[in-house]
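Join these two chains into a complex; the hints should help.
Below, each chain spelled out in residue letters.
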Amino acid sequence: MTQSNRTYPEPSINMETEAYWAAAKEGRFLLKKCNACGETHYYPRAICPYCLSSETEWYEASGTGTIYTYSVMRRGDTRYAIAYVTLDEGITMMTNIVDCDLDTLAIGQAVEVTFKPTEGGQALPVFRPV
Amino acid sequence: MSRSSKAYIAGVYEHPTRKAVDKTIPQLHAEVALGALQDAGLSKEDVDGYFCASDAPGLGGMSMAEYMGLDVVYTDTTETGGSSYVVHVGHAVNAIAMGKCSVALVTLAGRPRAEGVATLGSRDYGNALPDLGFELPYGPVITNQYGMAAMRHMYEYGTTSEQLAWIKVAASQHAQHNEHAVLRDVVTVEDVVNSPMISDPLHRLDCCVISDGGGALVIVSPEIAATLGDRCTKILGHGEAIKHLKSGQVDLTYTGAVKSGSIAFEEAGISPADIDYVSIYDSFTITVLETLEDLGFCEKGQGGKFVSDGNLISGVGKLPFNTDGGGLCNNHPSNRGGMTKVIEAVRQLRGEAHPKVQVPDCTLALAHGTGGSIATRMGSSTVILGRNDA
Chain A
1 MTQSNRTYPE
11 PSINMETEAY
21 WAAAKEGRFL
31 LKKCNACGET
41 HYYPRAICPY
51 CLSSETEWYE
61 ASGTGTIYTY
71 SVMRRGDTRY
81 AIAYVTLDEG
91 ITMMTNIVDC
101 DLDTLAIGQA
111 VEVTFKPTEG
121 GQALPVFRPV
Chain B
1 MSRSSKAYIA
11 GVYEHPTRKA
21 VDKTIPQLHA
31 EVALGALQDA
41 GLSKEDVDGY
51 FCASDAPGLG
61 GMSMAEYMGL
71 DVVYTDTTET
81 GGSSYVVHVG
91 HAVNAIAMGK
101 CSVALVTLAG
111 RPRAEGVATL
121 GSRDYGNALP
131 DLGFELPYGP
141 VITNQYGMAA
151 MRHMYEYGTT
161 SEQLAWIKVA
171 ASQHAQHNEH
181 AVLRDVVTVE
191 DVVNSPMISD
201 PLHRLDCCVI
211 SDGGGALVIV
221 SPEIAATLGD
231 RCTKILGHGE
241 AIKHLKSGQV
251 DLTYTGAVKS
261 GSIAFEEAGI
271 SPADIDYVSI
281 YDSFTITVLE
291 TLEDLGFCEK
301 GQGGKFVSDG
311 NLISGVGKLP
321 FNTDGGGLCN
331 NHPSNRGGMT
341 KVIEAVRQLR
351 GEAHPKVQVP
361 DCTLALAHGT
371 GGSIATRMGS
381 STVILGRNDA
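One line per chain: the protein sequences are A and B, in this order. Every letter in the first sequence is one number past the one before it in the working numbering, and letter 57, counting from 1, is 57. Every letter in the second sequence is one number past the one before it in the working numbering, and letter 78, counting from 1, is 78.
Relax, there's no trap hidden among the hints.
Computed footprint of chain B on chain A; a stretch qualifies when at least three of its residues, placed anywhere within it, have a C-beta under 8 Å from a C-beta of chain B: (1) 12 to 21; (2) 64 to 72.
Cβ pair distances, simulated, as ranges: (3) A/T104 / B/M98: 55 to 61 Å; (4) A/R75 / B/E79: 25 to 31 Å; (5) A/K25 / B/D131: 17 to 23 Å; (6) B/A128 / A/T114: 27 to 33 Å; (7) A/E60 / B/G310: 50 to 56 Å; (8) A/C37 / B/M98: 37 to 43 Å; (9) B/D191 / A/E60: 49 to 55 Å.
Calculated from the structure, these hints are not laboratory results. Beta carbons: idealized from backbone N, C-alpha and C, even for Gly.
Chain B on its own, in the form it takes in the complex (with noise of 0.2 Å):
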């Protein structure tokens, strides 16, 4: 069957630094957009929208357009930490459907390593976060707010290091074959396990790495993909949600995934069975557990047996997922991965994924974005993409 799509993405580009020590970033800006740009085989003087997030330099995108020297009449800044750029997904295809644009760029970069960008440091959002006094004084990093999430999860549902270990295992495998990942080398549940503790009950190999780059999509209308042949990727569904401590109703053992994931799976009229490839967003191993089980990939409380025996390894298990390598071992620019999730997904529906990890046949694949914290409030967003002819 041929499904119908309101968007296609036409082009996509991750930019293949991982330090960018001699970049400024709207340099990097700029080149992820030409890369993207080049790939879909555009140019910028047809780009009429323009989605950024925060990462982008100046008041929402209007910096970044002068830059590059855009000339848009549609622009979309939604700010969702990491999984901004899924949800940019979503918003171009409502614009592009609703007839605002009909080319949208959406670009991330960031140079957090060149930096020196301390992970031990709370981030600071403003003074007038209501939260924040709450909060600050008690220490929150981000490894540590991810650590009571697992801690939880672990207590409710009997998950173990071991589990969530071969998320990291998986990703290993795929990373080895990706010449641009900043860890390639192959690793075992052992390793991860006997890493040093970060923060309990994460290892340091349970953390993503910390990188510099960036990515961009370039999203079109049904009319100019047509025009531009079989590499264009179907936008089937997506879902966004914002889920946080609900007033003190605290519970860690879930994401906004359980709410963007549903409203993507019926937006594309199919279920979790249906998905040959998943890139899902992994800051931390226990993100990508919680994510699953959320998004319906298994019953909520077994993600730790169904990532076990290497289920998530391509051409091994069941569901190949960030066949990159992913955050845990790939790339993280900016600390936001939600960019490179949508990237490889597309890789892998175009067939253009490393020939090692690339999924035979893959029509379906879904990519999701956490932002924020899980372990106080967050943004996720769910794609549901489709090859060509899918």
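Next comes chain A alone, as it looks inside the complex (with noise of 0.2 Å):
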């Protein structure tokens, strides 16, 4: 199986988290900030972890940023990159690296956000090298 056969799992959705989701389905890539203090975080959540404020609020992302680490996984039936990336709000998260050769991913390597259908319909962020 190459990468391209890969499938996803449905993300868990609960009340905190169906805008992301919902949004994700329309082309659009959400974070969450907090009024109160200023910080976005990730992931997001209903009271923000820096203040505990629940003063926090969707905006849409700029969806680039670069690689801080990933991981190849060899074994099994299907070949994917894990990977960490660094948006350009300055913070870090769990994604896929899809749509190009493996083997040329590099730490700081630039990249932007695409969706990928789940196995249920919904549609799951991840990236791309730009």
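Below you can see the structure in the form of structure tokens.
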């Protein structure tokens, strides 16, 4: 099985995160920041982990960043690259790097968000080299 | 000098099995409990405190206390993954010092090998997990998570696969003398870096074994220790910490050992230079390298140089580690390596390690556990132990 055959499990979605996943289905990538302390955090929460304020708000993120680290899984049926990407907004998130030659990945490489369908029809934010 | 200790490790036992096809998990818990009590010279009627983690079937410690027929007035089921049992040592000291119990039993057991637990799947900790939806779809398994940590450490500090391999080489040098070890063949740096790549940059031989079995500890008050002889080991310091992804301010080049280690060293009143032997949780080679840096055995980023050229091999290097072969070669029961780390440290301090790996005049030892994942959230715990006359 190659990278292009990879299937993505369904994310668990709850009332704290449904806006994130609804936006992803529209091709929009959201982050959450706190209006009390101004900090963007990840993963998105109803309560700000910096100051515990509930004044958190979604905003549309740039969708661009750089690879902080990655690892290509070479065992099992499907090769895939798990990674942490540092976004221009300053947070670092777990993701996959897709649509590229996995043997050419590098830390510091510029990437941009794209979306892949999950097994259940949700859209999952992933990243590809710019 | 003789240091004061609020509690002592009086009994230890490591189950000899590595594949428990014909035993249940409760049975294994009871067998290791009996082994540690016999080692201490105590009976189950002496036990008034019971400590376990989620490998023990049932709600907290209740089902296992019932299975083993324990009559306890104190229980602690703190769960920090594979480091739980190192945490339990510290918590048992506190409970004993507060007079809440006087003989604490800690047990671990499991049979992932007999049950054929897959290593490629993501672990399921329940749907209420807030992080679940933002990680599980990306396929984080144990190996690629630790691979990401190793990759970043290499990027920032120039650490190499050959340097990581030295950690496995040292473990294999020790494991050849352990008749119970899963892997007893001595390997070279070339063997490690030429073994199949699992998830970049970790090769098969950078990964620990999967094994069944378990272990147990008996921790007692100073008054009881005084009746049991000089095989009792002092518990001089303990520290623990949770490290996580810090709301997106991710740094995978260090572990919770930065905090747990400094707390433990401060409590013990000693420094890394005083330590004769270390047991370091070795789920992967990178786990050991980052932990040694974080505990202060070398500067941050210098772990690769520190572990090279046999520096962790007993009788060869300056810091003998995991003389039982560790999780990399000997045993990783229930995918939880903290228990066996404490056990081998006690063997060293008693002078009961295998003669080929026994550290001469071993007086002060450190055991460290890392639970969860160094690439997401982890529970770290460090204990500093001393020989009976330390």
